[in-house]
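Chains as they are written, first to last, in our numbering: chain A, 450 to 709; chain B, 360 to 646.
Don't read these hints as lab results, they were simulated from the structure. Virtual Cβ for every residue (Gly too), placed ideally from N, Cα, C. Worth double-checking, as some hints may not be accurate.
As the list claims (entries may be wrong) - Label-pair distances were calculated between CB atoms; the ranges are:
no., chain 1, residue 1, chain 2, residue 2, range
1, A, ALA677, B, ALA481, 34 to 40 Å
2, A, GLY523, B, GLY638, 51 to 57 Å
3, B, LYS594, A, LEU457, 34 to 40 Å
4, B, GLY486, A, GLY547, 52 to 58 Å
5, A, SER621, B, ALA453, 20 to 26 Å
6, A, VAL455, B, GLN619, 27 to 33 Å
7, A, TRP475, B, ASP573, 36 to 42 Å
8, A, ASP471, B, ALA416, 33 to 39 Å
Below, each chain spelled out in residue letters.
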Amino acid sequence: MGAVDVLLDGLLEAVRLLLTGDEDTWSVTALTLQVSLTATAVALLLGVPFGTALALGRFGGRRVLLAAANTGMGLPPVVVGLFVTVLLWRSGPLGALGLLYTPTAMVIAQAVIATPIVAALTAAALQQVDPGFLLQMRALGATRMRATAALLAEARLPLLAAGLAGFGAVVSEVGAAQMVGGNIEGQTRVLTTAAVLATSRGQFALAIAFGLVLLAIAFAVNLFVTLAQQREEAKGAGAPATEERTAPGSRPSGAARSSS
Amino acid sequence: MRMLSALVLAAVLLLVGCGGTAAPAPSAAGPSAERSLILATTTSTQDSGLLDELLPAFTRDSGWQVKTLAVGSGQAIELGRRGEADVLLVHSPAAEEALVAEGAAGQRRLVMHNDFVLVGPANDPAGVRGSDSVGAVAKIAAAQALFVSRGDDSGTNAREKDLWKKAGITPEGGWYQATGQGMGATLRVASEKAGYTLSDRATYLAQRDTLALDVLSEGDPGLLNIYHVIEMTTKAGERVQPDGALAFADWITAPPAQQQIGGFGQAEYGKPLFIPDAGKDEAGLGA
Numbered sequence: 450m451g452a453v454d455v456l457l458d459g460l461l462e463a464v465r466l467l468l469t470g471d472e473d474t475w476s477v478t479a480l481t482l483q484v485s486l487t488a489t490a491v492a493l494l495l496g497v498p499f500g501t502a503l504a505l506g507r508f509g510g511r512r513v514l515l516a517a518a519n520t521g522m523g524l525p526p527v528v529v530g531l532f533v534t535v536l537l538w539r540s541g542p543l544g545a546l547g548l549l550y551t552p553t554a555m556v557i558a559q560a561v562i563a564t565p566i567v568a569a570l571t572a573a574a575l576q577q578v579d580p581g582f583l584l585q586m587r588a589l590g591a592t593r594m595r596a597t598a599a600l601l602a603e604a605r606l607p608l609l610a611a612g613l614a615g616f617g618a619v620v621s622e623v624g625a626a627q628m629v630g631g632n633i634e635g636q637t638r639v640l641t642t643a644a645v646l647a648t649s650r651g652q653f654a655l656a657i658a659f660g661l662v663l664l665a666i667a668f669a670v671n672l673f674v675t676l677a678q679q680r681e682e683a684k685g686a687g688a689p690a691t692e693e694r695t696a697p698g699s700r701p702s703g704a705a706r707s708s709s
Numbered sequence: 360m361r362m363l364s365a366l367v368l369a370a371v372l373l374l375v376g377c378g379g380t381a382a383p384a385p386s387a388a389g390p391s392a393e394r395s396l397i398l399a400t401t402t403s404t405q406d407s408g409l410l411d412e413l414l415p416a417f418t419r420d421s422g423w424q425v426k427t428l429a430v431g432s433g434q435a436i437e438l439g440r441r442g443e444a445d446v447l448l449v450h451s452p453a454a455e456e457a458l459v460a461e462g463a464a465g466q467r468r469l470v471m472h473n474d475f476v477l478v479g480p481a482n483d484p485a486g487v488r489g490s491d492s493v494g495a496v497a498k499i500a501a502a503q504a505l506f507v508s509r510g511d512d513s514g515t516n517a518r519e520k521d522l523w524k525k526a527g528i529t530p531e532g533g534w535y536q537a538t539g540q541g542m543g544a545t546l547r548v549a550s551e552k553a554g555y556t557l558s559d560r561a562t563y564l565a566q567r568d569t570l571a572l573d574v575l576s577e578g579d580p581g582l583l584n585i586y587h588v589i590e591m592t593t594k595a596g597e598r599v600q601p602d603g604a605l606a607f608a609d610w611i612t613a614p615p616a617q618q619q620i621g622g623f624g625q626a627e628y629g630k631p632l633f634i635p636d637a638g639k640d641e642a643g644l645g646a
């Protein structure tokens, strides 16, 4: 089978798998989405507050932590996978939980990968907002919490990008998913590990098909989020008053958009 | 901000929604579908497709779910030694005997065999066609022809090192390359680079159509590839499940599974990929 045939067959196979509703492919795809979206959600819950503290906090070691978060954006998944695996081993400190080779273990590993990405990009996003913004908010009488919330709202686009970057990193990684998940059929097999297995079995067209399905769902997630966000922006621009009045006194509606 | 929280919420709902169905694999068939054991095995049993055929039957018969870790025999044995796996299906006799001698393993039983084949490009630059295995590797070294090694302490890699040792050669230099990957990936590298490699017959046959590699040396007793099932005990680790290990070892050495092994690949390749051997005398294999 020639190389071009493999690519063409892969494309056809991907279309076939998606259109015929191949049960295995769908369950693998559903698990991929479930694991990676959950990991991204955990990363947002941890990374956004952490990144906010890194950007706005005044405490010793802040710059070192910021550098650490920036370094963490390049954490090799296979190293994260190895650490999490050893922690979850039956003989390891968390062995009693019996989590190794489960989707939960994959969520943990992927959340570890995505959190520094979200934190570092959050910090970068907040630091980019006009430094006078917070002062202005405080001067207008907003509490510190309020002012921070307004700042996060101001930086919502880059924050969304942070979330999508985290998702992109984990949905496409294979090292950690393979190591902590074990690529067990029907339990922890995701699109990336399925593609690796198909490759090692010499089923190249199938491997390429899995790769294309992965691209398709990553695109679908990004499209969904982008459309939802753009619609919200458009709505916001059309009727700024209703949008901004939800937090009365916290900020003037004009200021919110002035620097975006 | 609202968008972000909606995203988080959606993802959490997704987890809560599917979490229950995803964690224990959907198989209500078994009497106690919650039990799950860890089988550490070699890449050849997975890459050839044998396990896909055997494991659903085992789960149906026993109620045990199986988490398969398809790694090299070296890693599989190490996982067993650490108590991270309940049962091993491996083909690295010297390492297996060492493991059993340490005392943490339980029974070790013969399951099946096939053989290793030395494969290489059809034009055979080192002229090994028809040589026995030791003679073949000696010729490859003399010609400095490319040899692609697994280099991963797998059973196949152990056998390959054995051949070099018997030939009195320490393979090193640019002609000797280690992939550190499984059998399927290593065959692919050898095929792309027009090199020689040692493969188990099952993996080679299962992928032959996509490879530019011919069998050049086969059939001598030094190439016999024997698989054993080894039960681990709680001496290896307190969370080892000896009952699961026993159930699997008993099942795979019993007649129905042995028959299934003997029939595997028959339709596709005209002959079985593995010869079932449970209960046979190991010394008589390959005769």
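Hint by hint, here is what the structure shows:
1. For the pair ALA677(A) and ALA481(B), the beta carbons lie near 57 Å from each other, so the given range of 34 to 40 Å is not met.
2. For the hinted restraint 51 to 57 Å between GLY523(A) and GLY638(B), the CB-CB distance of approximately 54 Å keeps it satisfied.
3. Our hint of 34 to 40 Å for LYS594(B) and LEU457(A) is violated, since their Cβ atoms are close to 54 Å apart.
4. The hint said 52 to 58 Å for the Cβ distance between GLY486(B) and GLY547(A), and at roughly 55 Å that hint holds.
5. For the pair SER621(A) and ALA453(B), the beta carbons lie near 40 Å from each other, so the given range of 20 to 26 Å is not met.
6. Our hint of 27 to 33 Å for VAL455(A) and GLN619(B) holds, since their Cβ atoms are close to 31 Å apart.
7. Checked against the hint of 36 to 42 Å, the pair TRP475(A) and ASP573(B) passes, with Cβ atoms roughly 40 Å apart.
8. Separated by about 22 Å at the C-beta atoms, ASP471(A) and ALA416(B) break the suggested range of 33 to 39 Å.
Violated hints, listed in ascending order, are 1, 3, 5 and 8; each of the other numbered hints is respected by the structure.
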